[in-house]
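Q: If you read the sequences in order, they're chains S and D. When we follow the UniProt record's numbering, the leftmost residue of the first sequence carries the number 1, and every step to the right adds one. When we follow the UniProt record's numbering, the leftmost residue of the second sequence carries the number 1, and every step to the right adds one.
These are computed hints drawn from the structure, not numbers from a lab. Warning: the hint list may mix true and false statements.
[Claimed, not checked] Have a look at the derived ranges for each label pair, beta carbon to beta carbon:
1) Arg-287(S) x Glu-93(D): 57 to 67 Å
2) Ser-259(S) x Glu-440(D): 46 to 56 Å
3) Gly-316(D) x Arg-277(S): 56 to 66 Å
4) Leu-422(D) x Val-209(S): 30 to 40 Å
5) Gly-195(S) x Glu-440(D): 27 to 37 Å
6) Arg-277(S) x Ser-443(D): 27 to 37 Å
7) Arg-283(S) x Glu-496(D): 54 to 64 Å
8) Glu-440(D) x Arg-277(S): 37 to 47 Å
9) Ser-365(S) x Gly-249(D): 27 to 37 Å
10) Gly-96(S) x Gly-316(D): 45 to 55 Å
We put the CB at the ideal spot given by N, CA and C, even for glycine.
Spelled out from the first residue to the last, the chains are:
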Amino acid sequence: MSEDVLVVGGGIEGYSAALSALDADPGASVRLLRLPADRFATETGLLDVLGFEPGGTEPVANPLSAVDRLPESHPYSRLGLDTVRDALALFDDVAGERYVGSGTETNALFPTAVGEVAPALRYPRSVSNGVVSGPPSMRLVGFEGFPDFDAELAAERLDERTPLDVTGQMIDTPLSADSPAEMARLLDENEISDGQPARERLVDALEPVVDVEPRIGLPAALGESETAAITETIAEKLRVSVFEVSLGPPSLPGRRLESLLAETLESRGGELDSAGRITEVERTEGRIERVSTGRESYEADSYVLATGGAESGGLVGGPEDLREPVFDCPVTLPDRGLVDERFLGDHPAVRAGVPTDDRLRPVTSDESAVAENLYAAGRVLAGPNVVADHAAGGVGLATGYEAGRRASERS
Amino acid sequence: MAYTPHVLVIGGGVLGTAIARDCALRGLEVTLVEQGTLAAGTTGSIHGLLYSGARFVEENPTAAMRCLTENRTLREIAGHCIEDTEGVVLPAEKGEFDAFVDACEQRSIPASALGRSDLDEIGVADGIDRGVRVPDGVVDPFALTRANATSAENYGAEIKTGASVVELLTDGTDIVGAEVEFDQSPGGVRAPTSPSEDVPEETREPEVDEEEEEPIDAEDDDEEDTPGMPGTVQRSFPGATEDDTPDTGEREEIEADYVVNAAGAWADQIAGLAGIKLPLSRSRGRMVVLSGELTDSAVTRRSDDGYPITAAPYQGNTVVGPIPEPTELEEALAAVEAVLPAASEAAVLRSYTGVWTQHASSSASPYGHDATLVDHEKYDDRWGLLSVIGGSVTTHRFVAEQAVNRVCREFGIGRSCLTADLSLPDTSIRSGDSGPVLCEARSVGREAVRSAIDASEPEPELANVRTQTGATMGECQGGRCGHRIAAELYPDHDHETVDESLETLLQRRWRGRRETLADDQLAAALDDYEFHARLLGRDDERQEEVDTDSFDESGFTIPERSRADQRYRGEDSVLPVIDGVPRGTDGRAKCSEAVGQ
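With the sequences and hints as input, model every part of the structure.
A: Structural data, given as structure tokens:
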């Protein structure tokens, strides 16, 4: 089979590249290879565009206006603000009603499972009532069986960190679910047990703990596909606003984002394959001709490398060096080892990656393109510590957007 | 006995706790002080091997026989700390094989020859045709130390952890006790201080007892971080003032009739507090933990330099070592792979370094073969202090017995030692509780974690959770379970203590983990980092309070007919209006305060 654009890797940058290629040319044939790595398991579902300036200690309120303070090498600086805005507009178009924040350039802040604060520019509707910048007090309710979210501890922290009044309470796990995924399944199916549907049973379990606070935060387990209906049922019956707090991995809001992107890609004519790793690459005269997983081979006019960083197998190796295993693109490494002395330190391996030209084509040390029809996006790129900066979503989205556009122009 | 002498034991390793237990069983009054947590020094950084003595029966038959006896004794009194894995020795040549089997037979060490089919089962590589099965085992040094300590307490001993000796009390010449400083840092006990490296030459030869110890190999623990190792955090000398010294804690003078210095790698510093020079020699070896049990026996093949590297199963993983410095890790792993091919598939989980301390005058071979009792009355004219140097987990009970015999002799007490006859209590915490699993890799549940935390009160110590339950010792090294475990400190401790304890726990695990990261382990480590930094939003360098003023707050919507609807109305839907008074972002009024008006 032959495509106009083949995207290798199914993280946010991969979907962004595929959707962008289709957006630029709706008639194009675009295929995305979702590799084995589960790229959305630790995604929060929040789209973090720039939460902190590099090394910054306070969250950034207006990420786009902070771009001119970023180093020239930062992907946002290199792509330019217009491209970042266009990429966000594409996301808004894709996400529709399922995300909140469309059109805004101001970050919102959300509670994490341990009561810290995470900034995001776009966020799922299921978490939106949890904004900690708004004043109404909130009550966090945790389930004893889900140990990632100690609601009382998180509440104490959040209460101290923010001007909000936050209370917390732990209750026995409703529905006797042994994991958030199991609870989500029971709620999606609204499974009847003892003559009572799952959603009603959840409402009954929550009823006694709803207090004066006008909103309650629950572990992100409110269904995988029926979240809106489930949330609405709770809100209506208990007359409170409801929001989810992301847990993980696997993170349900991350999974839902993946489904949203995958469904949209397919509905817009893109192809989606779950593939094994690419093991063979056929090249001629500076072009990629074909790639193969050993079982399946794929041919395209242009390729987008979107396999992620060292956390996802997009870069492999260690303890001294990293390499890019699919196309064997050169990798630049910051000069001091792969990881920092501190667990929460600024790990060089996160900054490591493939250097590119201004068109996002991987380049060799003499600045020439590895292949004229190969582009790269997202975490596989050399760049800032998008994890520490809470910028992984935005950088993935924007570089994917640009790579997809460039790739489709060529075809 | 008209008068009961009070003995102060310094050092909470397996030896110190055994000395305290022995003293208590003989009816002495005893206090033990430990600067960090129990088993946090050399004891906790061993390989985990319970020696049968077979490994060095030719070179050191005395030590071999001692090990065999103590091995059998420990199986009787502390069976719950020991896994009967047996050991396999792989002699390189036929001649060596024959000599080895002969030597074992001569000393009545049970040794059975293994053929190729046996070696297949054990996982030994093709091409190695002969081996010998010997009665080694694997011992949990934490459980053993805890058992000693608990037994000691049951017989009346007092055990104080987090208590650093800052002064030895003297009446001019005699040692009459010690002043300790309690650690006051929240969330745990201060890290142990570093032993000094520069030990002046000692002119006098102390008496060297012929009590043998054997290659201490090790299990893991990096909590304790081995004293003074390059690459580990440098700690301050006890009592020294340094910028990073934690806040001075409470001090206590403990008067004693006799002091036993069992401070291991720190023993010279303790003696130094009384102006006594105690020259020590230290040898080091690196341990590497590989994922999975590559073999069910402790397998040793002698290497060319004469120090055998052993691969032993330990709590679901395999501990390889000790690798003598300066051998490269790759080289050592290649040597292990040549014997156990499965090692090539295993991931390196972490590494740590063990230190073995000997008296400088002892003819000790590395890894702690000999134990030395130094009576400072005899050598330094200072009555009241006995230093016990060396010893291994296998022979610690015997060394303790010798030391306590000496102490009893000082007071004319003739009671015999009971430690070989009385079983040690099982203090381990078994999983299988009804609560949720916190550490999936080790199937450790909430109740087990809570029990381990309770056992470490009043100073909550997450290291105790690790040593008592095995939690955080799987592939994630706490990356996916540490926050759950730390959360169990709440609400008995506040969120700041939780934060600090979590930070300490993760940082300790990270030290062992970061050195060896490659491939899947690197990916997993970075994923764990991302989980903390991004999903949990943790960053200890960020500001505690977040100024939320200029952030978007339009996400919050009030459901129709909300109970909040009556209170939250007004021009701006997110600003609550209470009794006609808008409570906004500027007033910083908390809703609950407002509601009460």
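Q: Each hint should be assessed against the structure and marked as holding or not.
A: Now for the hints, and whether the structure bears them out:
In this structure, Arg-287(S) and Glu-93(D) meet the distance hint of 57 to 67 Å, their C-beta atoms being roughly 59 Å apart. A beta carbon spacing of about 25 Å between Ser-259(S) and Glu-440(D) contradicts the range 46 to 56 Å that was offered as a hint. Checked against the hint of 56 to 66 Å, the pair Gly-316(D) and Arg-277(S) fails, with Cβ atoms roughly 29 Å apart. For Leu-422(D) and Val-209(S), the hinted distance range of 30 to 40 Å is not satisfied, since their beta carbons lie about 52 Å from each other.
The supplied range of 27 to 37 Å is met by Gly-195(S) and Glu-440(D), whose beta-carbon atoms lie about 34 Å from each other. Distance hint check: the CB atoms of Arg-277(S) and Ser-443(D) are about 31 Å apart, consistent with the given range 27 to 37 Å. A hinted range of 54 to 64 Å for the beta carbons of Arg-283(S) and Glu-496(D) is consistent with their spacing of about 57 Å. Our hint of 37 to 47 Å for Glu-440(D) and Arg-277(S) is violated, since their Cβ atoms are close to 26 Å apart.
Between Ser-365(S) and Gly-249(D) the Cβ separation comes to about 56 Å, which falls outside the hinted range of 27 to 37 Å. Evaluation of the 45 to 55 Å hint for Gly-96(S) and Gly-316(D) yields a pass: the beta carbon distance comes to about 48 Å.
Checked against the numbered hints above, the structure violates hints 2, 3, 4, 8, 9; every other hint is satisfied.
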